[in-house]
Every structure is written in structure tokens, then in C-alpha cells.
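With chain A's structure known, arrange chain B on it following the hints.
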Amino acid sequence: MFFQQIINGITLGSIYALTAVGYTMVFGILELVNFSHGSVYMFGAFLCLTLMTALGLGFFPAFIISIVITGMLGIVIDRLALLPLRRKNAPKVASLISTIGISIFLQNLVMVMWGSETKNFPLALNLGHIQFNSFRISYLQMIILLTSLILMMGLTLLVKKTKIGKAMRATAQNMEAAKLMGINVNLIITFTFFLGAALATVAGVMVGMYYQSVDPMMGFMAGLKAFAAAVLGGIGVLPGAILGGLIIGVSETLAAGYIHSGYRDAIAFAILIAVLLIKPTGLLGQKVQKKV
Amino acid sequence: MKKVFVFSLLMMVVLSVLLAGCSTETAAAPDATEEITIAVAAPLSGDYAQYGNAFRRATELKAEEINAAGGILGKELKLTFLDDRNDAREATNVAQRLVGDKKVLGVIGHFSSTASLAASSVYEEGGLVQLSPTTSHPDFTKQGQYMFRNINTQAVEAPIAADMVVNLMDKKRIAVIYINNDWGITARDHFVEAAEALGGEIVAEETFIGGQTQDFTSTLTSIHSKNPDIIFLGTFYAETGMIAQQMKQLGYDYPLAGLSSLYNEELIKLAGDAVEGLYMTSNFFPGDERPAAKEFVDKFRDAHGQVPNQFAAVAYESLGMLAGAIETAGEDRAAIRNELAKIADYEGVTGSITFSKDRDVIKEMSIIKIQNGEFVIAQ
Numbered sequence: 001m002f003f004q005q006i007i008n009g010i011t012l013g014s015i016y017a018l019t020a021v022g023y024t025m026v027f028g029i030l031e032l033v034n035f036s037h038g039s040v041y042m043f044g045a046f047l048c049l050t051l052m053t054a055l056g057l058g059f060f061p062a063f064i065i066s067i068v069i070t071g072m073l074g075i076v077i078d079r080l081a082l083l084p085l086r087r088k089n090a091p092k093v094a095s096l097i098s099t100i101g102i103s104i105f106l107q108n109l110v111m112v113m114w115g116s117e118t119k120n121f122p123l124a125l126n127l128g129h130i131q132f133n134s135f136r137i138s139y140l141q142m143i144i145l146l147t148s149l150i151l152m153m154g155l156t157l158l159v160k161k162t163k164i165g166k167a168m169r170a171t172a173q174n175m176e177a178a179k180l181m182g183i184n185v186n187l188i189i190t191f192t193f194f195l196g197a198a199l200a201t202v203a204g205v206m207v208g209m210y211y212q213s214v215d216p217m218m219g220f221m222a223g224l225k226a227f228a229a230a231v232l233g234g235i236g237v238l239p240g241a242i243l244g245g246l247i248i249g250v251s252e253t254l255a256a257g258y259i260h261s262g263y264r265d266a267i268a269f270a271i272l273i274a275v276l277l278i279k280p281t282g283l284l285g286q287k288v289q290k291k292v
Numbered sequence: 001m002k003k004v005f006v007f008s009l010l011m012m013v014v015l016s017v018l019l020a021g022c023s024t025e026t027a028a029a030p031d032a033t034e035e036i037t038i039a040v041a042a043p044l045s046g047d048y049a050q051y052g053n054a055f056r057r058a059t060e061l062k063a064e065e066i067n068a069a070g071g072i073l074g075k076e077l078k079l080t081f082l083d084d085r086n087d088a089r090e091a092t093n094v095a096q097r098l099v100g101d102k103k104v105l106g107v108i109g110h111f112s113s114t115a116s117l118a119a120s121s122v123y124e125e126g127g128l129v130q131l132s133p134t135t136s137h138p139d140f141t142k143q144g145q146y147m148f149r150n151i152n153t154q155a156v157e158a159p160i161a162a163d164m165v166v167n168l169m170d171k172k173r174i175a176v177i178y179i180n181n182d183w184g185i186t187a188r189d190h191f192v193e194a195a196e197a198l199g200g201e202i203v204a205e206e207t208f209i210g211g212q213t214q215d216f217t218s219t220l221t222s223i224h225s226k227n228p229d230i231i232f233l234g235t236f237y238a239e240t241g242m243i244a245q246q247m248k249q250l251g252y253d254y255p256l257a258g259l260s261s262l263y264n265e266e267l268i269k270l271a272g273d274a275v276e277g278l279y280m281t282s283n284f285f286p287g288d289e290r291p292a293a294k295e296f297v298d299k300f301r302d303a304h305g306q307v308p309n310q311f312a313a314v315a316y317e318s319l320g321m322l323a324g325a326i327e328t329a330g331e332d333r334a335a336i337r338n339e340l341a342k343i344a345d346y347e348g349v350t351g352s353i354t355f356s357k358d359r360d361v362i363k364e365m366s367i368i369k370i371q372n373g374e375f376v377i378a379q
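Chains as they are written, first to last, in the working numbering: chain A, 1 to 292; chain B, 1 to 379.
Check before you lean on any hint, since a few could be wrong.
Counterexamples of contact, computed for chain A against chain B with all Cβ distances above 10 Å [stated by the list, open to error]:
hint : residue
1    : Phe59
2    : Lys119
3    : Leu157
4    : Lys160
5    : Ala172
6    : Gly182
7    : Leu187
8    : Met217
9    : Leu283
So the derived list for chain B, only partly shown, Cβ under 8 Å to chain A, looks like this [stated by the list, open to error]:
hint : residue
10   : Gln50
11   : Asn53
12   : Asn181
13   : Gly210
14   : Thr217
15   : Thr219
16   : Ala238
17   : Gly241
18   : Met242
19   : Leu250
20   : Gly251
21   : Glu266
22   : Lys269
What the simulated footprint calls covered on chain A by chain B, stretch by stretch (three residues with Cβ under 8 Å from a Cβ of chain B suffice, anywhere in the stretch; the number is not a length) [stated by the list, open to error]:
hint : segment
23   : 2-14
24   : 104-117
Everything labelled a hint here was simulated from the structure, so no lab data went into it.
From a predicted model like this one, the values you see are computed outputs, not experimental measurements.
We put the beta carbon where it would ideally sit given N, CA and C, even for glycine.
Next up, chain A with everything else stripped away, as it sits in the complex (with noise of 0.2 Å):
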């Protein structure tokens, strides 16, 4: 059971940390908590489906296209809800709140468009599993965790090693300096919008496959969970949030199974608070410079 146990947690760890990648990624260039992420998440998994049930398109197609539309539905949130509140200097919290907005407006729309009942999202990928002597694990689980580890290490090098990551990391460091170098800051925040709300489908989807279930309310807690592991292994930083993932996803799990199913949330974030008390950076934070 215990081993079984441990497969479990790092499964749904490894679903935290495909969804926190993105959270984090776009809080490093912009300095955003993007609340939108998870309404994202669940739009980009309705709309595969809906490419898959309605227009019969094969697993793959699907994927692809609804990854470019939600990219492309994040560049039209940052154009309608944030690029008018940094246009104007607004306070960095006004953008947050606008950010809450948009994910209470994409979960009704959604809740309009196709209904607000759960919907079957059909097992595109059935590889099958390993059968070891006390416990099973199935390569979809595999999947999840490698695919969350391949985002990772690829942001990490679009980052680090590519002209745009330079211009990237430039305009997090500075907008208006960015803009004096010759950077266009909109494409780069843009950029940065179409890359999180993909990433945001590539976790909707494969989670909506790993349960076979989708609802317009799934993105809330995924969300939130996803939030606490970004900030667990410290917000902005890639590998960080792949760590943070895995930490909540087998605490939980851990504490569902061996001390009580009701108490699941609560011990899981509890960790969090204990860690975040003792390194208020989270664990791979390090202390950034204040800008001025």
C-alpha cells in the first residue's frame, strides 16, 4: 500500500507541476499573480474536447489546435484587461483583481457555452500500465510527470539561452530600460501571455484525460494548488515549481491515506505555511533585488 501510496502522491504532483510551470513562468517575466491561469486550464480542456466530440478530430490535432486558440486567448486577455491597466501605471494589485475577473468570466462563459454539468473526456492516450507485486503504475502517469519535467527544462532554456528569453528576463527586469534597448515590451508580454495560457491547455488537457472528467469549476482548486506549489518551491523559478508540485501532491496524498481523508487539504497546506515560515523565499527562491 505504501508504495502504491507514494505512486499516487507523485502522479497528482506531477499534475501540480505541469499546472504550476506556467503560473510561474509568467509571474518571473511580469511580476503577475495570474489568477486566470486555472480558468484557462479548464477553457483549454473544454475546448479539446470540444474539437474532439463535436468536430471529430483525432487526439492529437485537437491538442494542437485548442493549445494555438487558448494561446491566442491569452494574448486577448492581456490586450483587453491588463494592457490598459499598465498603460495607465495602475497599481500591481488592480491587475491581479483583473486577472480574478477574467477567471470568474471564463467559467460562467463556459458554464453558458457548454453547460455546467461534468463531462466524460474520453482516455485518447490508454497505453495500459506496469503491474509491479503490490502496486501498478500506468504510463499515463508517466506522461504527466515527463512532460511536466521536458516544459520545464525547454522554458528553462527558451530563458536562459534564446534572444527572446534575454529580452524576456530584460523587460522582468526593467520595462522602461527594456524599451530604451530597442525591446518591444508588448510583443514580449504577449509572448509570455500565448506561452501560459498554452501551457495552461497542455495541463488542462492532460489532466482532463488522467481523470476522464471535466467541469467548469475544475480550474478553481488546480489553480489554487497550483499557486501554493509555485510559492512552496519559490515563485518565478522553473525547477521550483516541478519541486513544490511533487511536495504537495504526496503530502496530501500521504495524509489522505494514512490520517484522514477530510483533513487532506489542510495538512498539505499547512506544510506549505510551515516551509514558507522558515524560508519565506520558498525552497529554490533566492532573495531577487528590489527595482526601484
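Relative to the frame of chain A, chain B by itself:
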């Protein structure tokens, strides 16, 4: 440009002729100048809109039948629909409005225990009948003298389910998973008590937060270590789909049983063969062979193009009972209440209905199961 304009003008003329044609056809049979008003208060928008709309479709159907048969006291029955959005505060507002409107003689509603309980004190004070088709919380009818319900409380249903598990399915070692809210806890308490009295043994009790918990693997793994004969679910269909799927993915194969809350076609779509063989209690089953039920299902299907669910069934017969009470009592709120309380052996679509002195009902329940991807009668 001009063509488009001419075309749209033409369309408008055609449409207005058509509409005018409709309006002349719908003259009501009973005396339309005098009306009897009954209110239906339910969530017509928001998360629970599907349930409110089941109320609406069923009561509209019943009202049509009543009017076709000459109305109530020779007057046309008019329904007025109010949306409480399944919100306790909104339900109270709705109740306030209805109590103040002297034309309203009775209320069918509300949907959830939360909304019904919140609104009950207003109805009690205004002396207006509140007949809820679906409120199963034990405290509801204790709020006053004007509260009625047309559904079994968990005190009735859970022991039936316990009998189903222990005797019909012959499973003694039972693991329970229940939703952590008022309803789930009440269901668990009554089920556990009854199952133990029948000789069953509860080997595990696990809970979760509805609408938030998606991952049941840890719960299922720890249940597996207790080696039960069966898993009993005090849950709704959405999480039941996830529980069944995840159980299958983990490679565990336990029989499942649950309450009438699981009855939804979506469950089979959600979980496919993972819920094959699941047993549950049921208030109303569309495949029911009794004539009253059959007739209702056929009429509903003709009117709305879909099979009615249990929520539609209980709303349909609730309106029937209330209309009957008004027919005998006349247009007086207190007299209607007293008449309704006397109802015994009313032949409804879910079976025979009698109100107890506490204005609760005790109804028979059928046992259904999922077989070859369909709900069928098990007993």
C-alpha cells in the same frame, strides 16, 4: 445591399404573419379572465439550473393537463416561475415577494435543502404553503406548519440502501465514501446505523470535499488495504464517475452501491464500464412499468423531447397534489395547508403518497442497477 434589405423586409412580414397566427390559436379553454396562481421557486440560472429547469418543464406539463381538464375551481391555473439561483439569500427574497403577493396560493420549491431551509421562516410567517419536491434535510419540515416535502429523507432512504447492500447484494464488509456536507453526513449516519443493525461491518469511512477533490487514488488505496466486500457511495454522479474510473485504473475490482443521488444518464457517459454492476436506490425510474409512470414519461417525452428524471417526476406530482388541495379548500391559504396535510394514498408517478403528521412522505423505493451500460430495475 438593396437585395438584402428587401429580403429582410420580406422575412419580417412572413414572421409577423406567422406569429399573429400563433397568438389567435392559443386561447385557453377554462375561463381565462380569472386565474389561480401557483408559484414555482427554483434555480433557473447558475450551477443548478438543470434542476430548476426540470421543475419548470414538469410543472408546465402538469398545468397544461389541469387546464385542459377545466382548470382549478373552473379558473385557469397560472404558474409563475421565480429564480432563486440556489442561493439562500435570493431564496429568502423570492419568498418575501411571494408571501406579499396575495394572488399566490401556494409554492412549489425550493430545490436544495439550503435554499428551502433559508426561505421557510418567511413562508411560515406569511402562512403560505411551501411544498418542496426535493428537500431531504431532516430539519426542513420542523421549521413550521406550512412546510411539506415530496421526497424521502435520508432517515428513510439510507436504511433501504443498507438493506440492499447487506441482504440483496449479500455484502457484509462495507467501506463507505461520503461527501463532506450536510446531506452526505446525514446519509452516512443513517446508512452506517442501519447496516450495522442488519449485521454488516463498516471497515472504512472516507470523506472528501465535493466539487474540489478530484483525486481519489489515496482514498481508494487505503480502502483496498482494509479488504472490503463492497464500496458504498454517499456521493453524487460527478465524483462517482471519477471514483469508479480511478478504482479501475488502480486495478481494484469492488462492487459499488449508492443512493438515488447517483441516478443520472451522465454517470454512464462519464464512467462507462467502470460503473457496470452498480446498485442504487431510486425514487423514480423512467423504465417503470406502472401505468401512471408510463403515461407521465410518454407525455413528457412528447412535450420536451427527453426522458424525465426524478426531479421532474416529484415536481410533477407535487403540483398535482397542491392543485387538488386548492380545488377542495378554495382560495384560502390556511385552508389549502390543512387540505394538503390530509392527503393520503395520492397516486403519483413515483408511487402512492401519504403525508405523515409531520408533513413528510414515506415512499417505496425501487432498486436499480447498471447493466450493459443501462439502468435497469434490479428488484
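Here's how the hints hold up against the structure:
With a least beta-carbon separation of about 17 Å from chain B, A/Phe59 lies farther than 10 Å from that chain, consistent with its non-interface assignment. Distance check on A/Lys119: its Cβ comes as close as 8 Å (rounded) to a Cβ of chain B, failing to clear the 10 Å threshold; non-interface status is violated. The beta carbon of A/Leu157 is kept farther than 10 Å from every beta carbon of chain B, the shortest such distance being approximately 31 Å. Every CB of chain B is more than 10 Å from the CB of A/Lys160 (nearest about 33 Å), matching its label as outside the interface.
Distance to chain B confirms A/Ala172 as a non-interface residue, since its nearest Cβ pair spans about 33 Å, more than 10 Å. Against the 10 Å criterion, A/Gly182 stays outside the reach of chain B, whose nearest CB is about 47 Å from its own CB. Residue placement check: A/Leu187 keeps its beta carbon more than 10 Å from all beta carbons of chain B (closest about 37 Å). The non-interface label for A/Met217 is inconsistent with chain B: the shortest C-beta to C-beta separation is roughly 6 Å, within 10 Å.
Taking the minimum C-beta to C-beta distance to chain B, about 23 Å, the non-interface status of A/Leu283 holds against the 10 Å cut. Contact between B/Gln50 and chain A, as hinted, is supported at the beta carbon level, the nearest pair being about 7 Å apart and thus within 8 Å. With a least beta-carbon distance of about 11 Å to chain A, the hint placing B/Asn53 at the interface is violated under the 8 Å criterion. Look at B/Asn181: its Cβ only gets to about 12 Å from chain A, farther than 8 Å, so that hint breaks.
At its closest, the beta carbon of B/Gly210 sits 10 Å from a beta carbon of chain A; the interface hint therefore is violated under the 8 Å criterion. The beta carbon of B/Thr217 comes within 4 Å of a beta carbon in chain A, closer than 8 Å, and the hint placing it at the interface holds. Given the 8 Å rule on beta carbons, the hint for B/Thr219 holds: about 5 Å separates it from the nearest Cβ of chain A. A distance limit of 8 Å between C-beta atoms decides the matter here; for B/Ala238 the minimum to chain A is near 4 Å, and the interface restraint holds.
Here the hint on B/Gly241 is kept, as its CB sits about 6 Å from the closest CB of chain A, short of 8 Å. With a least beta-carbon distance of about 6 Å to chain A, the hint placing B/Met242 at the interface is held under the 8 Å criterion. The beta carbon of B/Leu250 is positioned within 8 Å of a beta carbon in chain A (closest approach about 7 Å), and the interface hint is therefore held. Hint status for B/Gly251: holds, given a least beta-carbon distance of 5 Å to chain A, under 8 Å.
Interface hint at B/Glu266: satisfied, since its Cβ lies 6 Å from the closest Cβ of chain A, which is below the 8 Å cut-off. Look at B/Lys269: its Cβ gets to within about 5 Å of chain A, closer than 8 Å, so that hint holds up. With a cut-off of 8 Å between beta carbons, the segment 2-14 of chain A has 6 residues touching chain B; three or more are needed, and the interface restraint holds. Only residues whose beta carbon comes within less than 8 Å of a beta carbon in chain B count, and the segment 104-117 of chain A has 4; three or more means the coverage holds.
Hints 2, 8, 11, 12, 13 from the list above are not met by this structure, while the remaining hints are.
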